[in-house]
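> Protein chains in written order, with this note's numbering: chain A, 1 to 377; chain H, 1001 to 1548.
I should point out that these hints are in silico values taken from the structure, not numbers from a laboratory. Note that the coordinates shown come from a computational prediction; the quantities given were computed from them, not determined experimentally. Be aware that one or more of the hints could be misleading.
For each label pair, taking beta carbons as the anchor points, the in silico distance ranges come out as [as the list claims (entries may be wrong)]:
{"no.": "1", "chain 1": "A", "residue 1": "Thr183", "chain 2": "H", "residue 2": "Gln1185", "range": "29 to 35 Å"}
{"no.": "2", "chain 1": "H", "residue 1": "Gly1032", "chain 2": "A", "residue 2": "Thr183", "range": "46 to 52 Å"}
{"no.": "3", "chain 1": "A", "residue 1": "Ala28", "chain 2": "H", "residue 2": "Gln1281", "range": "44 to 50 Å"}
{"no.": "4", "chain 1": "H", "residue 1": "Val1017", "chain 2": "A", "residue 2": "Pro124", "range": "44 to 50 Å"}
For each residue, glycine too, the CB sits at the ideal point set by N, CA and C.
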Amino acid sequence: MSAGQYPTRRDPRRVIMGLAVIVTVTVAAYTVWVWPRGPANKLIVYTYDSFMAWGDDPLTIDSRVFGPFMQQYDVEIEIVRLQTDANGVIARLITELERPVADVVIGIDNVLILQEPSQSVLEPYTPSNINLVNDSLIASLDPEHYVTPFDFGLVSLIYSMAKINATTHPEVANLTFSNLGTTEMASSLVTEDPHLSSTGLAFLLTEIAVYEKLLGQDWRQWWSQVHGYVDVLPGWTDAWQVWSTEATKWFLVSYGTDPAYSYYSTNSTPDAAVAPVYNAGSHYAWMQVEGIGLVKNGPNPTLAKAFIDYCLTSSVQSYVALNQWMFPVNNEVTLPTAYSYALQAEDVNILNALLPRSEIAANLTLWLDEWDIIFSS
Amino acid sequence: MNRHSLMGHLALASPLVLLMCFLVYPVADVLGQGLFSGTGTSFYDVVVSPVTQRTFTFTVIQAALSTALAVLLGLPGAFLIVRLRFRGKSVIRAAMIIPFVLPPIVVVVGFLQMFGAFGILDSLMMAITGSPVSVINLAAGLPGIVLAHAFYNIPLVVLMVSASLERLNPEVEESAELLGASHFQNLRRIVLPHIIPSLLASAVLTYLFCFTSFPIVLALGQGSYMTLEARIWYAFRYFDYGEASSLALIQILVTLSLAYSYVRLGRMRQQGIAPTSSAKQVGLRDLNRVQVVLILAYLALLAFLVAGPIAAVVRSSIYDPLTRSYSLAGFENLLSAGTGGGLVPLVNSAFYATMSTLFAVALGIPLAFAHRGSKNPAASLASIMALLPLGVSAITLAYGLMRAIVVPLGLSSNPWPVIIVAQTIIGLPFSARSIEIALRSIDPALLDQADLLGASRLQKLFFVELPLLAPGILVGAAFAFAMAIGEMSATLFIALPQNVTLAVAIYQNLGVRKFVEAGAGALVLVVTCLVAFLTIDRMTSGSSGGTL
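Isolated chain A, as found in the complex (with noise of 0.2 Å):
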C-alpha cells in the first residue's frame, strides 16, 4: 500500500481455468470413487439406520448373516440402511414409487403397516415356511402379509440401579402409572415424542391401553398430570443420552432387553432393570413387532421372495438376538444366556391383546392431536 509497488496480476480468464480445472478434477475423482460397484442385478434391501447394528462385529454382520444366501443364489445383497427409521424408509419408497430401486425392506412395525402409506409402496407375500413363526405374532404385525414378522421386541420402563432401586423405592417391583404420575417420579422420567420415535409411540399405546381398557378411566389425565413434568426427547437415542447423562433421570422408556445388553457388554450383573407397568396382580408391556416385505414393483420379485423365506431361517434368525437385541421370531432359535436379564414375553401380559389393529388404525391421528394438545398447553 504505502510502498506504492503493484503486485504482478494474473489474466482472470485464467484464474478462472485454473479454477474450473481443479473443480472438474475433484468432482471426477470424487464420481469415480463413489460409483456404484458390483454387478447390476443386486438384490437391494432397505432398511433403517441401527438394523444389526448392535453386535460384536457390526462392520462383517451382513456377509456372515446373508453370505450363504448370495452364494447359494449368485447375487449380491445390499443392505441399505437409510439414515433413518422406518418412517423415513417408508417416506423414501414413496418418492420412489414410480420407480423403485429396491425389492426387500426391513423394519416396518406393527403400528406403522397400519398407515395406509405403507401398504401403498408393499406387495403383500406369504413365505413358504411361513409355519416357522407363531400365529400370534403374525395377527399382531399384518394378517394381510403386507410384512412377515422379522423380529420382536417388549418395549418398557427401565431404570438405573445406580440411581434407584427397590430399597429406596419399593414401588419400583411393582409400577404403575399412578406411581409415576408424582411430580418425583414424573421429573425422573425419560421418554420420547410419540411423533418421532415408535418407542415414544409404544409407550403412549401402553398408558391408553392401560387406562382406556384395563382401568376404564380417560387416558389423557395422566397426560395431563406429568405434563411439565416429564421429559420428553425426540428419540431413543436423545433420550437414552439424557438418561445416562443425567443423574435426575433414573426411568426411560426402552427395551425389555436392555438389561440384557447391559450384562452381555459390561459382562457383568446388569446397571439396569426393568419396570414393567403393572396393574391389579399382573404385568403389562407393550410388544413391537418389525417386519419384512416386498416392495411393490421392485425389480427382482422372485429373488426377493426367496430372501424374505431365507430370512425366516434359523441362519438369519440365529442372529437377531445379540445383533439387533431383538427376540427372533422363529421359535425354533435358542436364546443366548444373556437373554435370562430379559423380560420375556411370558413374564407380562401383551397389551396388544386389548388394543386391535383397527382400533388403532382409525384413532392414532386423533390420539397424536390430544397428546399434542396436551403437550402444548
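We have chain A; now place chain H onto it with these hints.
Positioned in the frame of chain A, the structure of chain H alone reads:
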C-alpha cells in the same frame, strides 16, 4: 457493449434460474400435491386447529427472543473484534464460527452438561448456595431454547457486523471528533447508520434460522414446545401431506413477507457510502479501567456461553462415559476406511461442503449484484429469492428434490450431486447476504476510476470489486461452509450410506453408544471449519492487502 450487457444479464439471471429449478420447482411440486390431491388434513383445518395456532405463536415468540438475545450479545463482540488490537484475533474470529457447524445433537449434549440440572453452572450454584438439590436448569424449556439459539447465532451477528464495521472509514469518525462530536453522537450518527444494513441482515437471518429451527426445540422443549418446522416433520412422518404442505406454505409466506419488508427497509436506508477503507484500532492499554472491566466481563460471559459447550465437545472426544476412561479410539476410527469407519464421512463432508461453498459464493456474487442493480423488480426478486431457502423447511426441500430431481433423473442409487445442490441452497442466503452488504460499502468512485483507466468488466470485477468484497465473501463463504458441513435434515433424507456426512455419522455413533467416535467426529468438524476459515482468511487478507 451489447454482447457485454447480455453476458451481464445472463450472469445475473443464472442464480435465479438455478433457484427456480432446484428450489421453487421441487418445493412447489410437493406443496401442490399436498394441498390439492386431497390426502390428509386440508389447509383450512390446519389453520383453524388450536395446535397450529399455539405452535405458530410460540414459533414467532421464541424466534424474536432468540434474535434479540443474539443481537444483544453479539453486537459488543463485533466492535471488539474490529476495534480492539490483540493477539490471536484471527483465531478467535475463526473460532466464532464453531457453534454454527455443530450438529444440533452435539449442541444439546454440550448444553445439558453446561447449563442442565447438575451441569457445570448448576454445580457452581449449588456449591455457592450450599443446596443439596439442583438450583438452576437453563437447558430446558423456553430459556434453554432461547439460549441455544443465541449460542448458534451470536457468531452470525458478530461476523456480519464486524465485516461491515471494518469498512467504516476512520477519517469520518476522526473528522466528527474534531468537529466536537461526543462518543455517543459519533456512535449514533456515524457508526450506527453504517452498520445498520449488516445488523438488519444478521437479525433477519437469525430470526429465520430460529423460526425454522427444530432439532434444538424438540430436544430442549421436552415435548411441550414445537415450531412449525417440527410439525411439518411430524406430518411428513405420518404421511399427512396435506398438513405438511399447509404448514410449509404458512412458513414460506412468513419468510416472504419478512424478506420483502427487509428489502423495503434496506432501500429506505440506502444512503451515501463512505470511501472504502479499513477501520482504526486501539490496544487494550489505551482504554480506561471501566472499559477494560466491561470488556473482560463481556468476554467472560461469551466464553461461558459459547466456549462451554465447545469444551464439552473436546472432552467427549477422548472420554468414554461407558467405561469411564480416556481413549483415542475415536480418532483411530476416523482414519479407518472401511464400512463404519470415519474416513468416508470425513471425505464426503469435506467434498460436499467445499463444492457447495464454491457454488454458494459463485451464485451469491451475481445475486448480490442483482440486488444492488437498480430499483427494478428483478432486484427485489433476487433479494427475496436469496432469503427464501431459509424459510423453506429442509425436509420439504429434501422431499421435493427426491421427487422432482433424484427419482426422475434415475439418481436414486447415486444421489450425491443432489446433496451438493441441497447444501448449496441452504448456504446461499448467508453468502448472498454478506456479499451484498460488502457490495454496499464499495465506493462507486473507485469503480469509475477503474472505468476511466480502461479496465474491462472482468478486470474491474477481479481487481477492484472482488478484493474489496473479500471480507464479505470470507464471512459468506465461512457461513455457507458451516451450514453445509453441519446440515443434517436434507442430507439425512437424500443420502445413501455411502454418502453419509460427518454430521450424520456423529448422530449415528451417538445412537449406538459409540461416544468417543461421535466426540472425535465433532472435534474434527470443529477443527476442519477452523482451518478452512483461517485459510480463507489468510487468502483474502493477502489479496485485499495487495490491492488497497
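> The structure should be examined with respect to each hint, and the outcome stated for every one.
Verification of the supplied hints:
1. A/Thr183 <-> H/Gln1185: 29 to 35 Å: violated (56 Å)
2. H/Gly1032 <-> A/Thr183: 46 to 52 Å: holds (49 Å)
3. A/Ala28 <-> H/Gln1281: 44 to 50 Å: holds (46 Å)
4. H/Val1017 <-> A/Pro124: 44 to 50 Å: Hint holds: Cβ distance 46 Å, inside 44 to 50 Å.
In terms of the numbered hints stated before, the structure departs from hint 1 and from no other.
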